[in-house]
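Student: Sequence:
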Amino acid sequence: MSREPSHSALLWIVAAAFFMQSLDTTIVNTALPSIAQSLHASPLAMQPVVVVYTLTMAMLTPASGWLADRFGTRRVFSLAILVFSLASIGCAASHTLGQLVVARAVQGIGGSMLLPIGRLAVLRRVPGERYVAAIAFVSIAGQLGPIVGPTLGGWLTQAISWHWVFIVNVPVGVAGFIAVQRFLPHDQATQPPPFDFVGCALLSAAMIALSLAIDPPMPAHRTGWAAGLAV
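Each residue of the sequence shown is one higher than the one before, starting from 10 at the first, in this note's numbering.
Think of the hints as simulated: they come from the structure by calculation, not from any bench. Every residue, glycine too, gets a C-beta built ideally from N, C-alpha and C. Careful: at least some of the hints might be erroneous.
What the hints assert, rightly or not - Here are the simulated distance ranges between beta carbons: (1) His104 - Phe206: 32 to 40 Å; (2) Ala102 - Ala184: 36 to 44 Å; (3) Pro136 - Ser47: 44 to 52 Å; (4) Gln200 - Trp21: 39 to 47 Å; (5) Gln190 - Gln46: 35 to 43 Å; (6) Thr105 - Pro136: 32 to 40 Å; (7) Phe204 - Val111: 22 to 30 Å; (8) Ala214 - Val179: 29 to 37 Å; (9) Tyr140 - Thr105: 40 to 48 Å; (10) Ala184 - Pro136: 24 to 32 Å; (11) Gln46 - Ala18: 36 to 44 Å; (12) Ile149 - Ile187: 40 to 48 Å; (13) Ser148 - Trp75: 18 to 26 Å; (14) Arg191 - Ser51: 39 to 47 Å.
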């Protein structure tokens, strides 16, 4: 597929962002025992480290399109990469389970904007006849992330330390942030309709309830949680 240089650069930027976001859904899984030992926590208490990331992304993804329209794709995409990278540093620097969970939640905030804003950037910059091929190209990276994650996480934990399952995001994030400033043109921010706070809040509540109903935090009370939240 023949592409203009700016289009090729955009696709690689978005593909890297997709990979980074999806990688962090699974890379931490194989590092959890080491993280638990380092933070003096029970391995059974590490579930929020995984859940809070994916749940935060699911809750905030619907707001990303409105933010892009309101503040511009380039600005929001840059902010998403910056937040994700800084939160990754926060995860690596955590000394308690609570600190790690908070940092993972912030990481999820950045991750919630990477995927939809990246797709929106491709939609707005790539010509229509090339759009399907472009989305297929960047989607491959998103599909590889969860596959590579457990193996890479286990290797980094054994070869160096668990901190590197988060630090690995930083150089990718720095390169991505610089590339966005260089290759992604400024776009004109618009005045979208007022944000639907009620709808977003209801969706967020539904996502939390569904997640807790399927996999409640207290296995001993699984029946009670599941029954109440499912209703």
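Student: Indicate, hint by hint, whether the structure satisfies it.
Tutor: Going through the hints against the structure:
no. : hint                        : result
1   : His104 - Phe206: 32 to 40 Å : holds, 35 Å
2   : Ala102 - Ala184: 36 to 44 Å : violated, 21 Å
3   : Pro136 - Ser47: 44 to 52 Å  : holds, 49 Å
4   : Gln200 - Trp21: 39 to 47 Å  : violated, 32 Å
5   : Gln190 - Gln46: 35 to 43 Å  : holds, 40 Å
6   : Thr105 - Pro136: 32 to 40 Å : violated, 50 Å
7   : Phe204 - Val111: 22 to 30 Å : holds, 25 Å
8   : Ala214 - Val179: 29 to 37 Å : holds, 33 Å
9   : Tyr140 - Thr105: 40 to 48 Å : holds, 45 Å
10  : Ala184 - Pro136: 24 to 32 Å : holds, 26 Å
11  : Gln46 - Ala18: 36 to 44 Å   : holds, 42 Å
12  : Ile149 - Ile187: 40 to 48 Å : violated, 23 Å
13  : Ser148 - Trp75: 18 to 26 Å  : holds, 23 Å
14  : Arg191 - Ser51: 39 to 47 Å  : holds, 46 Å
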